[in-house]
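**Q** Chain by chain, the residues run as shown.
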Amino acid sequence: MSAEPSFALSPSLGITLVVVFGLAWILFGWYLGRANKTHEDFALAGRNVGFALAAATAMATWVTSNTTLVAPQLTYQFGVWGMVGYSFAAFGLMLFAPLAARIKQLMPKGYTSGDFVRLRYGRTAWWVFIVISVVYAFGWLVSLGMAGGILLEALSGLDYHIGMTAILVICVGYTLFGGLRAVIATDFIQALIIIVGVAVIAWFLIDTVSLELIHSEVSAHHPQLLDLLFPAAVMFLFNNIFFGLGEIFHSNVWWSRALAFKGKVAFKAYLLGGLLWLPIPIVTGFIALAAPQLGIFPPSADMVGPMVAAEVLGKAGAVVVFIVVFSALASSLDSLLAATADLVTRDLYHKNLNPAAHDAKLLRVNRYSILALGVLTWLFCLPQIATLGALLNFAGAFVASTIFPIVLGLYQRRLTGGYAAVAMAAGTIMGLIGYFAIGFYVAALLSCLVSASICALGLLRSNTAFDWQQLQEQEGASK
Amino acid sequence: MSIGLTAFSTLVVICLVVTACAPVILFGLWLKDFFSKQLW
Chain P
10 MSAEPSFALS PSLGITLVVV FGLAWILFGW YLGRANKTHE DFALAGRNVG FALAAATAMA
70 TWVTSNTTLV APQLTYQFGV WGMVGYSFAA FGLMLFAPLA ARIKQLMPKG YTSGDFVRLR
130 YGRTAWWVFI VISVVYAFGW LVSLGMAGGI LLEALSGLDY HIGMTAILVI CVGYTLFGGL
190 RAVIATDFIQ ALIIIVGVAV IAWFLIDTVS LELIHSEVSA HHPQLLDLLF PAAVMFLFNN
250 IFFGLGEIFH SNVWWSRALA FKGKVAFKAY LLGGLLWLPI PIVTGFIALA APQLGIFPPS
310 ADMVGPMVAA EVLGKAGAVV VFIVVFSALA SSLDSLLAAT ADLVTRDLYH KNLNPAAHDA
370 KLLRVNRYSI LALGVLTWLF CLPQIATLGA LLNFAGAFVA STIFPIVLGL YQRRLTGGYA
430 AVAMAAGTIM GLIGYFAIGF YVAALLSCLV SASICALGLL RSNTAFDWQQ LQEQEGASK
Chain S
2 MSIGLTAFST LVVICLVVTA CAPVILFGLW LKDFFSKQLW
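Chains as they are written, first to last, in our numbering: chain P, 10 to 488; chain S, 2 to 41.
Among the hints, a few may not be true.
Said to hold, decoys possible - Derived SDA-like pairs (lysine to any residue); straight-line CA-CA distance at most 25 Å:
#: 1; chain 1: P; residue 1: K277; chain 2: S; residue 2: Q39
#: 2; chain 1: P; residue 1: K273; chain 2: S; residue 2: L40
#: 3; chain 1: S; residue 1: K38; chain 2: P; residue 2: I198
#: 4; chain 1: P; residue 1: K277; chain 2: S; residue 2: P24
#: 5; chain 1: P; residue 1: K277; chain 2: S; residue 2: S10
#: 6; chain 1: P; residue 1: K273; chain 2: S; residue 2: I26
#: 7; chain 1: P; residue 1: K271; chain 2: S; residue 2: W41
#: 8; chain 1: P; residue 1: K273; chain 2: S; residue 2: I15
#: 9; chain 1: P; residue 1: K277; chain 2: S; residue 2: T7
#: 10; chain 1: P; residue 1: K277; chain 2: S; residue 2: I4
#: 11; chain 1: S; residue 1: K38; chain 2: P; residue 2: P392
#: 12; chain 1: S; residue 1: K33; chain 2: P; residue 2: G55
#: 13; chain 1: S; residue 1: K33; chain 2: P; residue 2: T473
#: 14; chain 1: P; residue 1: K271; chain 2: S; residue 2: L40
#: 15; chain 1: P; residue 1: K277; chain 2: S; residue 2: I26
#: 16; chain 1: P; residue 1: K277; chain 2: S; residue 2: V19
Since the hints were made in silico from the structure, they are not lab data.
The whole structure should be built from the sequences, with the hints applied where relevant.
**A** Now the structure itself:
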């Protein structure tokens with residue numbers, strides 16, 4: 010294979026796979042959605058999700074374009090540290106486990122991460138938090154939509170816009186019908202598909218090319234990819250840990266799940282989800298190191314994973330890659346649509362615009378929000394503005410600033426809203442300066458350091474003690 | 002300092018084995034929840 014790619018699937022097979030999977034997910038979403046009677050059922054699956062589905066949804070949601078397209082891309086660029094660094098994002102899930110239990114304990118009737126920030130820190134910090142959440146959610150949504158387009162284009166030669174539109178229509182469709190219940194149930198099936206598919210691809214690659222050949226080829230021609238002291242890669246490693254923590258700790262994707270899991274399931278579900286996720290970026294990432302051996306030089310670095318798999322495994326492999334990546338994208342896109350629509354419905358509409366809204370109205374607004382988010386994402390995806398990695402890491406500057414305000418907010422009574430707001434705003438600004446002045450691999454690191462320093466100052470100077478009871482908000486006219 | 006063949010192979014193979022076990026674990030948990038009516 011050369012710089013001029015030949016496509017592993019025909020356009021008609023690509024479209025057929027999309028239609029078959031799309032219809033299956035949408036019908037399944039509709040079937041599950043019949044059990045939703047209230048807004049709480051729709052947004053939080055009745056707060057009754059068991060351990061198996063909880064662990065699978067935690068793992069599957071975290072397996073996304075990050076792990077299936079960007080992990081190979083980063084391995085291609087940063088070598089061994091690219092894949093190992095990506096796998097360290099699993100610590101975000103594992104460290105969120107105790108936080109999830111604490112969230113469930115402090116706010117058993119809460120709905121969103123925005124609820125917590127508003128009640129714990131007040132309006133100013135809430136606004137800063139909402140801006141960060143929206144930027145992150147859109148960055149991730151757009152990166153997922155783009156990944157759908159890139160995938161179809163890489164494997165079947167179909168126009169980018171068709172793949173991107175298809176994955177958005179499918180995910181909006183079943184999330185709209187089934188709410189979080191459909192999202193979690195499809196995540197379970199998608200998790201099984203992803204793991205089996207990834208393992209099969211890796212096994213065939215090792216069987217065909219062998220780890221010895223991959224290692225010797227990279228050692229001879231690209232030794233920096235095996236260098237454990239590759240400076241940018243080491244920075245990336247630490248940056249990615251803080252990026253992952255920030256993504257998970259602040260995002261309503263994970264908070265809404267913590268609130269939806271039954272009883273004491275949240276802690277063990279996030280822990281198991283993280284442990285199962287940990288090896289996946291290495292399994293998906295190492296295949297990129299086979300690219301030079303196979304003479305593959307992708308036109309865009311984020312296509313390297315699918316192109317290597319398709320080259321080694323032929324048409325069957327391309328079908329497997331297609332299904333795995335499509336499942337990975339869908340399992341995250343649906344979660345993000347549902348969680349962001351919850352933020353819009355609960356934080357913006359219910360708590361700001363219409364506090365007297367009744368349950369049926371909230372359910373309707375939630376569905377409209379999902380639809381509107383889908384349309385907006387589609388519009389942002391139309392121009393293919395950046396590579397997936399660049400787009401994703403830009404968000405690192407934002408989310409890493411929330412780590413300490415969230416953790417301290419959950420466990421420490423003394424941090425006040427003023428310091429939390431300044432910590433998030435200043436951390437984001439410094440992260441962005443680092444992103445543009447130094448590189449994407451320091452954005453989250455700088456953002457987190459600045460935010461942590463301001464939070465430490467806030468703790469030292471504070472003489473107040475937050476009353477945890479204030480998190481138990483009374484729901485007035487919503488029923 | 003570069004990662005050697007042994008370390009590289011060990012890392013990849015261990016991760017592959019753990020990944021391959023994951024579907025069995027998840028499906029086993031699903032069966033347990035299903036039969037004890039704890040799925041939802």
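**Q** Does each hint hold? Answer for all of them.
**A** A quick look at each hint next to the structure:
Taken as a hint, the K277/P and Q39/S pair is honoured in the structure, with Cα atoms around 15 Å apart against an allowance of 25 Å. Taking the CA atoms of K273/P and L40/S, the gap is about 14 Å. The hint holds against a cut of 25 Å. Between K38/S and I198/P, the direct Cα distance comes to roughly 18 Å. Compliance with the 25 Å bound is thereby established for this hinted pair. In summary, the hint linking K277/P to P24/S is supported, as the alpha carbons are separated by about 17 Å, within the 25 Å threshold.
Only pairs whose Cα atoms come within 25 Å are accepted, and K277/P paired with S10/S is rejected, the gap being roughly 31 Å. With a CA separation close to 19 Å, the supplied pair K273/P and I26/S stays within the 25 Å bound. Taking the CA atoms of K271/P and W41/S, the gap is near 8 Å; set against the 25 Å cutoff, the hint holds. Note on K273/P and I15/S: the hinted pairing is violated, with a Cα-Cα distance of about 31 Å set against a maximum of 25 Å.
Restraint check for K277/P and T7/S: the C-alpha separation of about 34 Å exceeds 25 Å, so the hint is violated. Between K277/P and I4/S the alpha-carbon distance is near 34 Å, which puts this suggested pair outside the 25 Å criterion. This hinted pair does not check out: K38/S and P392/P have alpha carbons roughly 47 Å apart, beyond 25 Å. Using a Cα cut-off of 25 Å, the hinted pair K33/S and G55/P holds, with the two alpha carbons roughly 21 Å apart.
At most 25 Å may separate the alpha-carbon atoms for a hinted pair to count; K33/S and T473/P exceed this at roughly 47 Å. In summary, the hint linking K271/P to L40/S is supported, as the alpha carbons are separated by about 10 Å, within the 25 Å threshold. Only pairs whose Cα atoms come within 25 Å are accepted, and K277/P paired with I26/S is accepted, the gap being roughly 14 Å. Between the alpha carbons of K277/P and V19/S the distance comes to roughly 18 Å, so the proposed pair stays at or under 25 Å and holds.
Violated hints for the displayed structure, listed by number in ascending order: 5, 8, 9, 10, 11, 13.
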